[in-house]
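Chains as they are written, first to last, in the working numbering: chain P, 125 to 214; chain E, 125 to 214; chain H, 125 to 214; chain B, 125 to 214.
None of these hints come from the bench; they were simulated from the model. One thing to keep in mind: the hints can contain errors.
[As the list claims (entries may be wrong)] Quick list of in silico lysine to aspartate or glutamate cross-link-like pairs, EDC-like style, CA-CA up to 16 Å:
1. LYS143/H - GLU150/B
2. LYS134/P - ASP191/P
3. LYS134/P - GLU179/P
4. LYS200/B - ASP191/P
5. LYS143/H - GLU147/B
[To be verified] Computed far set for chain E versus chain P, every beta-carbon distance over 12 Å:
6. ASP191
7. ALA193
8. ASP194
9. PRO195
In this text the structure is predicted, and so the values were computed from the model without any measurement. A virtual CB, placed ideally from N, CA and C, is assigned to each residue, including glycine.
Protein chains: 4
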Amino acid sequence: MSHLASDRTKLLARVRRLKGQIEAVERAVENDAECGKILHLVASIRGAMNGLTAELIEDHLNHHIRDEADPDTRRKGTDDLAQALRTYLK
Amino acid sequence: MSHLASDRTKLLARVRRLKGQIEAVERAVENDAECGKILHLVASIRGAMNGLTAELIEDHLNHHIRDEADPDTRRKGTDDLAQALRTYLK
Amino acid sequence: MSHLASDRTKLLARVRRLKGQIEAVERAVENDAECGKILHLVASIRGAMNGLTAELIEDHLNHHIRDEADPDTRRKGTDDLAQALRTYLK
Amino acid sequence: MSHLASDRTKLLARVRRLKGQIEAVERAVENDAECGKILHLVASIRGAMNGLTAELIEDHLNHHIRDEADPDTRRKGTDDLAQALRTYLK
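The following block holds chain P by itself, in its conformation from the complex:
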């Protein structure tokens, strides 16, 4: 990754928040919670997922593509992003 450490700390906090949301769904299913409540928990995760994806792509664009002077490194960064977006938008 080799991002700025500050970006990495922010990213890690976001990933852990998302994990916490999934764990809340897991507990709700285990405890046989009301279906409406589980639906609500799952629907809320989508925003967190999109936010994480957006932040990650933006970090990647800024650190591996935008100001990357070496053409080969830049091409690799661009191709990695293109492939991830193809999976995401499939």
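Position chains E, H and B against the provided structure of chain P, taking the given hints into account.
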């Protein structure tokens, strides 16, 4: 929830698989993995999230709405679903 | 459909607004507009699409499922919705 | 845009196909078609929208970023993409 136990077991397996995918992202960020790899892991989660959401909504439609004879219970089930979809599609 | 006429008018206005947004993309591509501008136009359509989908599902839930006393009509309405959501979340 | 003419022809065909799908929804609402049918038409548009978005981003990455030697042009291309993705993933 009060779904069939078989639905619940399937649902729990799906939630745990999704948690495993998030944990793989967490480890990759902690270990300073290549950014392209992290992007790929995150992009793949979207399909799992959509699958979980689709299964949950389908279970909810089948168990709390479709064959629910009591109008009040059905209305509650419908309103829960409408609210979750509003959050999801926001 | 057989929705309330007011719902239908609102829905039609939304569909036409969305068509106008697609036509703006069409013109931009025809006129060889800047790629950044086209990207921006396309990205904005997603919100409109989600809004249309949410409104349509909510109308469907309210008029064909929520207060539908006839079990067969209700089952058909529920199955139509389940199938559409499966396509949407695929 | 200044893309290869072949990319532009392909892109335009895709935009027009999408417009055709929206017009089918418009006609269905005007003719008071069955709600289940309208739901199905709208749900199918999402795949076409994602395909268009993916193609556009890939063209943009390839023609304005990947092999762009001029740092300023490349920065502008990268910033345009970042902004579009922020809107898309909001």
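Hint check results:
1. LYS143/H - GLU150/B: Measuring from Cα to Cα gives roughly 9 Å; hence the hint holds.
2. LYS134/P - ASP191/P: 21 Å, violated
3. LYS134/P - GLU179/P: With a Cα-Cα distance of about 9 Å, the restraint between LYS134/P and GLU179/P holds, given a limit of 16 Å.
4. LYS200/B - ASP191/P: Satisfied, since the Cα-Cα distance of roughly 11 Å is no more than 16 Å.
5. LYS143/H - GLU147/B: Answer holds: LYS143/H to GLU147/B is near 7 Å, not above 16 Å.
6. ASP191: 14 Å, holds
7. ALA193: Non-interface label on ALA193/E holds, nearest chain P Cβ at 17 Å vs cutoff 12 Å.
8. ASP194: At about 15 Å from chain P, ASP194/E clears the 12 Å cut-off, so the statement holds.
9. PRO195: At about 17 Å from chain P, PRO195/E clears the 12 Å cut-off, so the statement holds.
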